[in-house]
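Given the coordinates of chain A, assemble chain B onto it according to the supplied hints.
Residue numbers (numbering that gives the first Met the number 0), protein chains in the order written: chain A, 0 to 374; chain B, 0 to 366.
Misleading hints may appear alongside valid ones.
[Unchecked claim] In silico EDC-like cross-links for lysine to aspartate or glutamate, where the CA-CA straight-line distance does not exceed 20 Å:
no.	chain 1	residue 1	chain 2	residue 2
1	B	Lys115	A	Asp137
2	A	Lys340	A	Glu176
3	A	Lys206	B	Glu196
4	A	Lys349	B	Glu86
5	A	Lys349	B	Glu87
6	B	Lys276	A	Glu10
Hints are computed from structural coordinates only; laboratory data are not their basis.
Next come the chains, spelled out residue by residue.
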Amino acid sequence: MQQILYLVQKEFRQIARDRVMLGLLFVVPLIQIFILGNAVTTDVVDLRLVIHDADDTPMSRQLIESFAHTRYFKLVGREQRGGSTLTGHMDRSEAQLALSIPEGFQRDAVRGRSPALQLMVDGLDGNTAGIALAYAADISRNFQARLLEADPGLARRGAAIRGAEPEARYWYNPNLESKVYIVPGIMAIILVIITVFLTSMGIVREKEIGTLEQLLVTPIRSYQFIAGKIIPFTILGFLEIILAMVFVWLIFDISVAGSIPLLLAESALFLLTTLGLGILISTVAESQQQALFVAWFFMIFAMLLSGFFIPIANMPDAIQTITYANPVRYYLTVLREIYLKGSGPAELWKETASLAAFGVCMFGAAVWRFRRAHG
Amino acid sequence: MPRRLVAIMRKELIHILRDFRSLMIVLLMPVLMIALYGYGITLDMRNIDFAVVDDSHTPESRALIDAFRRNGFFHFAGYAGAASAAEEIFRSRNAKMVLVIPRDFAQALRTGPSVKVQVLVDATDSNVGTYVGTYAANVFRLFNQSQGIVQASLATVEPKILYNPDMKSTHFFVPGLIALLLMLTSALLTSITITREKESGTMEQILVSPIHPVEIIIGKVLPYVLIGMANGALIVVSAMALFGTPVVGSPLLLLVLSVVYIFVALSFGLLISTIAKSQQIAMLMTVMSTILPTFLMSGFLFPIASMPAPLQLVSRALPATYYLVIIRGIMLKGVGISDILPETLALAGIGAGILAIAIKRFKVTLD
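Chain A extracted, bound-state conformation (with noise of 0.2 Å):
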């Protein structure tokens, strides 16, 4: 016991030595969610509009206000009559949306004769262009029903304003702001950063400059040596997710709906994963850049397999299937519901289920693994 003492105590003062270790360790993952938690947004606002109205009525006008006046949109140039160039700002990028009124649109509305609009979307971010032409039908919408409802005399007849229609509801999200929803997902990202990364560098490290050798033929045992590096880098792990907890609590005014405690049992049983990780990685690697490569090469792929940003039900099936392999799937799971709805035990039991597999199967591995390299 008094020999792991020490080795902790070594690890911690190699930390906080180093000034900019501490910083980065600290300072750079809160402005990380500070920055990344407002930035990475689905929400799609301010799309460039031109319009070309070749009508100039007061129904056409009416119709350009209707879009003009949405944080959606915004108009970025407006033409009337003579020749369209809407392409051309299309090509040139200036403007993601165009719409183009008919000449007689006015005229053709009131007559019940249904007059097209056509509008140019740029399908490049194939999700933005949905969102916006989505929109922009809603506008559309909106402007007629309000005309219809002024005057309704303009619909044709046995034509009814309204029919079925959806009132809808968002749960846990009632302004649908995914900082909500991303904020849990950086907190799991910076965690596996940090416990990954650093327990295989660090470990390859010694590795590097020989003083694993010298440690390993004093009386040390190995057992001691992994507990010596694990226990300061599970120790960092939670001070981590506590201050980002703190932190997404003041910034940004999302607290914890469920158990901290649980969140925490649950981050307990998501380190033994990354940290079993780090030590195998470090049995495997000869040097530093080696260790980070294997690291960043697992990192990216759980990055992108756990749902962080890309929902895994739109995965083609083959693809899901591998995601029930990333232990990442699970944590960011447990992270979020417990975060945003509140979740227990009961519901959750499965994915802390896989994850305390992941986190022995992954944990024993690497001991196995280091006392049969080291031992």
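Chain B in isolation, oriented as in the chain A frame:
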């Protein structure tokens, strides 16, 4: 090329080739990512599980449920007893949406001016909320039509999708992936390789030799330019082969501007190596300052226009933001240099600035 420079480059190349495993990871990872993500990456929602509370039990209510089932975006998960079960359904993640059809649904549909159907959405993922709202509106419109309710309308909207008519996310994603991986390999590899020499003390040894610091930098960095270019070429070729991603514009222009971007990334790696004292720190600094921001703030996945104004300024400082406009323009729209001149200049400017600081710091810290 001076002999000493060649000697340093040779030494660096031997280092790289000796570590075959790292090289393979650097070169193969992009191809694997393309293969996985070309298929997988799409932010729009599909297969949204929905449950139904049907208090109406009429042919009309069943027709509405059918309309949802046939829609393709929704997947029927089962019936629920009462609206109060929604909480339990969301918590156990059995469905993301609960449709509550009121008792008087069929009757109100015939007589009343309108009948409201509650659509409860588990909006923890705001994206799901946005899409469900849109899709549901569509389903209701189709349902109304099928029930013979002619909804009054004045005009129709005819959408036309330019450049990428199928709205395939792959084509949009590939250029972003190139930007990310070039940044990663170039910045990370240089910062680590130089810090390694510092850590093991060999940098001091090289510096007391007659070699000029600039020669060391160029000699160490050039091999990584080659790796970066090989990487970029691999990604483009595999994306073309696997998904038919086009390169509409000039490949030569793309290559030249990619070299400019690689140069920016390398300069950044160099700058970090002048600050970091150990490889661990160099790694953390590079990952935190290049990879995550490039991934999330350059417009790779999330539109810059949606970010708060101060963060839009930050994204303007990222080289990847400009490179993305350039590479998407050339690959997908086929634009020429005149259309992307401002971005090119910005990129070169950022690179020159970083390099100047890095070289200055390099001399100060080591001379």
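How the hints compare with the structure:
no.: 1; hint: B/Lys115 x A/Asp137; verdict: holds, 18 Å
no.: 2; hint: A/Lys340 x A/Glu176; verdict: holds, 15 Å
no.: 3; hint: A/Lys206 x B/Glu196; verdict: holds, 16 Å
no.: 4; hint: A/Lys349 x B/Glu86; verdict: holds, 19 Å
no.: 5; hint: A/Lys349 x B/Glu87; verdict: holds, 16 Å
no.: 6; hint: B/Lys276 x A/Glu10; verdict: holds, 17 Å
Comparing the model with each earlier hint shows no violations; every hint is respected.
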